[in-house]
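Sequences listed follow chains A and B, in order.
Counting from 1, one number per residue, gives the positions in the first sequence under the working numbering.
Counting from 1001, one number per residue, gives the positions in the second sequence under the working numbering.
In case anyone wonders, no lab produced these hints; they're calculated from the structure.
All residues carry an ideal CB built from backbone N, CA and C; glycine is no exception.
There could be a bad hint or two in this list.
To give an idea of the interface, some chain A residues facing chain B are shown, with a C-beta separation under 8 Å as derived from the structure [to be verified]:
(1) G36
(2) I277
(3) A284
(4) V290
(5) L349
(6) M404
(7) P407
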Amino acid sequence: MSITSVQRGVRPTDIEDSPAGVNNFTIVAATVNGSGSQTANNCLLRALFKMGIPVSGKNIFPSNIQGLPTWFSIRASKDGFTARRETAEIVVALNRQTAAEDIAGVAPGGVVIYPTEWKLNEDRPDITYYSLPVQQMAKDSGASTEMRPYVANMVYVGALTELLGIEVEEIKAALSDHFHGKQKPIDLNFGVVQAAIDYTKQNITKRDPFRVERMNANTGKIIINGNSAGALGSVFGGFTVAAWYPITPSTSLVDALNDYAKKLRVDENGKATYAIIQAEDEIAAIGMVVGAGWAGARAMTSTSGPGISLMTEYAGYAYFTEIPAVIWDIMRMGPSTGLPTRVSQGDVLMAYYLGHGDTRQICLLPGSMEECFECGWTAFDLAERLQTPVFVLSDLDLGMNLWMSQPFAYPEKPMDRGKVLSAEDLNRLGGFHRYEDVDGDGIGYRTIPGTDHPLAAYFTRGSGHNKEAQYTERPDEWEENLARLARKHEFARTIMPKPVIDEVAGAEIAIIAYGSSDPGVVEARSMLAAKGVKTSYLRMRALPTTKEQREFADRYQRIYVVENNFDGQMCRILQSEEPEHATRFRSIAKCDGLPLTGRWIAQSILEQEQ
Amino acid sequence: MAIQEPPAQSTNLIGLTRADYKGRPSTLCKGCGHDSISARIISIAYDLSLKPSNVIKLSGIGCSSKTPAYFLNQSHGFNGLHGRMPSMATGATLANRDLLAIGVSGDGDTGSIGLGQFMHMVRRNVPVVYIIENNGVYGLTKGQFSATADEGQQLKYAGLNELPPIDLCHEAVINGCGFVARSFAGDPRQVEALLKAAISHRGTAVLDIISPCVSFNDNEDSTKSYSWGKQHEEVISDFTFIPFREEITVDYEEGTSTIVEMHDGSHIKLKKLDNNYDPTDKYAAMRLLETAHEKQEFITGLIYLNEGRPSLPELEKLPETPLVRLPEEKIRPSREALDALMRSMM
C-alpha cells in the first residue's frame, strides 16, 4: 500500500483533514529504499525550517536495505501542527512500482511530479502533473554511473524549490550542512538542483496554489529526532555503561550515544569516561546493565519490543533485587517480529508489569524532543532514587522522525544518586540492613561494591530475602518484602513527572494521551473545537500515575484515552489503577503502523459523542 | 602469678584472620566437592591477603552458584540468573575495574543456558576468575545429566547418557582464553595453586574443577566421582606461583623450567614434567584436550597460559579511576557544551 492512499475508502466523515494552502501542505516523496533520497528530503525539510515555516518530517520506510518502496512526508504547517496528515497535496513519484497507487492517492487539486522518461498517461483531471527528465538530468550532472540514482533525487528538490518558491540560498545552506561543508558533493548536488530549477523555469508553467512564504515561527528552535535527543540526555545524565544489541528502531539511539559521547565524554588524558558494549544479544545487554548498576554505575540499554521480551527475566531480577537500570524501549509494531519499521505504542502493558510474579515497573513516557532529552537524565535520577529499573517508552515516530523543538535545557538539579552509604556512614551507623525500610518510603539503603568497610558487604539474590539480604523462605518475611515493594511503588507516584494538563472552561469531555499520540491529539482538539466540541486534555508522562491524574479523572464523565495500539493498553492500565473511574475511560485506539492523525482522532471522538 | 595472655590469633599481611574470610554456613550436602572449593577460596584469600572489600563474588543459579554465600562474608556478591553471571560480571567489572571478580558457576549453569555468555565473556576477556564446579549433573533438580557428562554414563533416574560431553576447557582455549586450567576438588594443593595464579591473570581465567556430587553422581564408574578422580588424575604440568611481592628465589633450572610474568607482577614457574607439555602452546593445549577426550583421561593442571591479550577495561581504554568513582563534573558535560551543541542545530 501507499501511505498516500490511506484516505481512499475512508467512510464519509464529519471531520476533514486540515485545509491546504500557503505554508500549509504535505509533500510525499515516494522513492525506492536505498536510492539516497534521504539527502534530498532532509535538504527540503531544513530549507523550509530555516525559512521560519513550522515543519515536520516522517519517514515511512521498509524493513529492507535496498529496493523496497519508501515514503518521506514533509508537512509544512503555518499553525505549527506536526501530526501526520492523511492527505498529501504534492506527491513526488520516483518509484515506478508504486507510482499508480501514489498518484491515485494525491489529494484532489494536488500535484504530482514524475520523471518524463516514464511517459505516463496523465489521466487524473483533478490534479496537476509536472514532469522533468530526471534520468537525463542525472546523466548530464557529470556524476559517476553509480552516483546517478543518488543525485537524481536532487531533481525534485530543484523542481519544488522553483514551484513552491523555496529560497535557493537555504537549499544551498542545507546541502552544505548535510555534507559538512565538503565542497565536491555540495557542488555536484547543487548543480543538479540548479539545473532542475532552470528546467522548471523554462519548461513548466505553474498551475497549482501551493507555495511557501518566509515566516518567523522557528527562531531559536532546533530540529532533531528523539533517539538523538534521548542519547544526548543520557550523555548529560552521566551514563557510564551502556550495553545494547542492534534492533530497529532503537539502534540509532546508541549510534547517537556513541557520537555524542566521543565528543563530550573524553577526559583530559583522552580516556573515555564511559563504556559502550555491543552485547551478543539483549539477554546479555540487560545483564551487563544490571551488573554495572549493581556496582554503582549509571547504566543503560536501548532496545525495542522483541528485545524487551528477551530482557524480561533480568528486568524482574533487577526489580526484586532493587538494582538501578535504565531501559529505553523505542516501540515498534508487535506482536512478535511485527513490523520493525512501523510505529506503535504496543509495549505499555508489558513494560509496566514486566517480569513474572507481582512486578510493577517504573515507566517514563516522553512526548516531545525536549522530554526525550530530559528522560535521558531524569531516568537515571529516578532509577537510583528508587533503586529499580526505569523504562523510557519512546517509539519509532518520536525516535526516528524529525521534529522541531525548543533547545534543550541544561539539567538544573545535581545528580540524585539515591540512598548510598559510604564507609564514613557505616562508621557512624555501625552497620545497615540492605532491605530495611528506614524512612518509610519503601527504599532501603545500599552500599557500592568496593566500599572500604568490613560492614559494607551484602549479598544480592533474586530468591527470597529478608531485610538483612539473607536467604529466607519464611512466609512473613516474604510478605513483608512484597509489602515494602508496594510501598515503594506508591512512593514513586509522588516523585514521577506530573502529567501536562490543559483544562478548558465548559469542556464536558476529556482526552488522555501520551508519547507520540500527542501531536495528533493537539490537532484533533483544534478540529473538534471548530465543530463546537470543547475538550480538556491530560498528557501522561509516567507510570505509575500521580495524584493529579486521579483528580483530573474525577472531574470528567467521559474520558477518551487515545493511543497507538490495538487493545487500548493504557486505557486498561488506567481502569485498573483507578477502578472508581473505570467506566469513564473510553478507548480510542488504532494500530496500523502509522502515527495517529488528528482527523482520525477527532472523528473517532465525535462518533462516540454522537 | 602472671596471667598468661591468650595466644595471638594469627593474621595475614593486612591484619585479618582466617575467620574474616569465612562465609555463612553451607547448606550443600555433606561431602559436596563445592564446599571443599569454597574452603580453598577462603584459604588463598587469607594467604594472599586479599582485601575483602575489593573482591566481588558472582554466580548464576544452581548448587555451585549458592557457594559465594559460603565464603568471604565481607565481600559484596550476587546470585544472578541461570547461566547469565558472565554478563553481570562484564557490567560490574566495567563499572569498577579495581574490583577482583571471583565467579562461581557449574556445569549446568555454564555448559547449557550459559554457554553463549561464557564464550562471549572469554572472547571479551572480562577480568574474572571463572570457576566451574563441574559434577556432570543437575543437583538442585535432583539428578539430570548436564552437558559435561561423559558419554555412556549411567544415573539412577536419568538412565544412560548417549550424548558426547562439552569440554569447557576446550571451548575456552578455542575462544582465546588466556588462562585455562582443570583440577579436582579432591586435590586441594593444586586447586589452591591454580586459584592463586588465576587471580594474577589479566583477563578471564577459567578453572574447570571436577567437583563430585555426593548425592547424585558419585558412583565408582562415574568420571565425575571422588574415586574416579583419585584413581585417574594425571597432572600435566607442575608450577609454582610466586606472588608479586616475593622475589623469585626458587631454583631455576635452565631447560626444565620456564618463568612467566603475570599481569600484576607475580610470576609462575612452570616445571616441565616427563610429558614435556608446554602450556604456552595453544595447539599443544588443543591436542592435549582432544587426546584426553578420546582416551577419556582425567588430565589436570594449567592447560593454557597467555598473558598477551588486553582485558576488556584495557580494550575499552577506560581511565585508571573506576567509572563508578568519577565525580559528577567528569560525567556530566558543561552547560556551555550543551549550549554550543544546541546552537549548531538551529
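**Prompt:** Going back to the hint list, which numbers does this structure go against?
**Reply:** 1, 5 and 6
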